[in-house]
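Position chain R against the provided structure of chain F, taking the given hints into account.
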Amino acid sequence: MSSTATAQRAAGRSLTTVLLALFAVFFLLPVVWLLLAGTKSNDDLVHNNPFSFGSLHDLKANWDALLSYQDGAVKTWMKNSVIYSVLALVLTLVVTVPAGYALAKLDFKGRRPLLVITLVVMLMPTAALVLPTFLEINYASLVNTPLSVVLPYSFFPFGVYLTYIYFADALPSELLEAAKIDGCGEVRSFISIALPLAAPVVALVGFFSFVQNWNNFFLPYVMLPGSDAYPMQVGLTQMLTSTPNFNPVVGANAEVSPPELVLATLVSAAPVLVIFLVAQRFLVSGMTAGATKG
Amino acid sequence: MTLLAHERATSSEVEASGSRRTAGSWRPRAGHFFVLPYVSLLVLFGIIPVLYSVYLAFTDVDGAFAGFSNFTRTASDYRFWPAVGHVAVYLVIWLVSLTVLVVSLTLMVHQIASRRTKTFIRFAYYIPGALAGASSVLLWLFVLDPTVSPVAPILKLIAGDHFAEVIAPSHLPWIFAVIAFWTGAGGWVLVLYGALNTIPSDVIEAARVDGASPVRIALSIQLPMIRKSITYVLILAFAAGTQLFVEPQLISQASFGVVPNDYSVNQLAYQFAFTQNDFNGSAAIALDLLVVSLITTSLFVARGRLFDTD
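Protein chains in written order, with the numbering used here: chain F, 1 to 294; chain R, 1 to 310.
No lab work stands behind these hints: they were computed from the structure.
Since this is a predicted model, take the numbers as computed values, not measurements.
We put the CB at the ideal spot given by N, CA and C, even for glycine.
Any given hint could turn out to be false.
[As the list claims (entries may be wrong)] Quick look at which bits of chain F chain R covers, simulated, 3 or more residues with Cβ under 8 Å:
#1 78 to 89
#2 129 to 137
[What the hints assert, rightly or not] Facing chain R, according to a computed beta carbon distance under 8 Å, are these residues of chain F, among others:
#3 L29
#4 L195
#5 F276
So here's chain F without its partners, still in its complex pose:
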């Protein structure tokens, strides 16, 4: 290899390193700022170095102010978020895993059409159906109840697709045959053979479902008009309109100071951030492996 080629390659490598580092800064900088901004007073937020730590005292002040906002609305909203996402998570798994299993391993009439429909619906943007779904929910008089979001959340074709691919690949049919010879019924083989092997895909589907529903805005915004029923994501927008930076009219009487709103944003994202951090290795490998099947 000539020396110019080697030099070029080295230059290419350092260019790559610089670019990757720049993007890492782009992705992480706002997150770091988010973690720090809640520890400052309003004054510090404007005048101090954006990447300095404020003080525990200010953090506590912001926290107390946040909790007392509209008599503890934030607590209610977080509680709602947890209720909606967890209920939807459980229902999604109960519905999705058997369906993916049956599509992959059982023979029944309508299996192929069901697969194709699942695929089409999976690629359809969910927001497109929010308004007709609202009319349907309204017709069933479920508007402003937890079911109005939990039920639509639990319809998760992407999860069915993931479990289908997983069972088709990772569960040898011989195992099921053997169980059948031993006298296991379909339900029994599913529960005692397929399910124990399904832990990775159950975790992955659960993760996607939880994160997507926790962060959903449009559906609860439409379905849950009453402020008591808001999930945190919708509640945030109500706080936004009470913050002077983003609503000049409220001015000095603002209910929410900017650092408080930053802290609320952090709180709203905290559960998902924690899951990301705890499960990072699993997630990275899960996402990476999932793609090879797509």
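Just chain R, lined up with the frame of chain F:
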């Protein structure tokens, strides 16, 4: 492997084990029993809403057949084409940057020699995914407000000294693209990274021995081989992009009228339904969006041969 390849494998497997075919009629019922809850939800929240939108879009308030009048009426609304234009410009910026940047980033990450650095970079890129929806928009409202922004000097340099200048309507497609990129890119990098991993390493090795540069390897081997995954990413990004709602909705709230509350097509559909009580018009707009994304998806699928078998 693609869906249909799987499907073929499963079918032949099912057929090969003859016992399944001959084993009486209870087995089909077991399959149906397993999918029943899913099919119920599919009907309730997948199929009925689509059919219901179609019904609403082609009828008037009294339920009488209305032909295409809801479509022509909404399309001639003075807010319709501007909204379509906004979303189109945003989509072009977002999809081009997604293709170019995400693909190059993935290729670069894939080349990192150190395992640790690789893991760190992949995760660092993925973290913002935790803040989707309103949380990420709110965070970005702060980042874009020069009085508190951590990158205030850059904002002042390229956009202006005041929040209102930064979120001027002409900047919005770029801002939405940056937010979408910031939240979504890391996840897409992981997906494409997984696809790159499926390329046998001896193919790459052989090219390297023949003296191909990393760029050459990327262009002639890696990109063609992950074409399907790139198509898949583009379809999902396009479908999500047409539905732009929370970003303009919050910026419109925060800008105090600088940004109208009918900036995107989906917001307009919302306005028709909830401020004008015109659900037929709203359904027509929702259907416009759905048809556009279905057509584009099938084009992508056909051109990218997404569900072919290799």
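- [ ] Give me the numbers of the hints this structure contradicts, sorted from smallest to largest.
- [x] Numbers 1, 4 - these are the hints that the structure violates, sorted from lowest upward.
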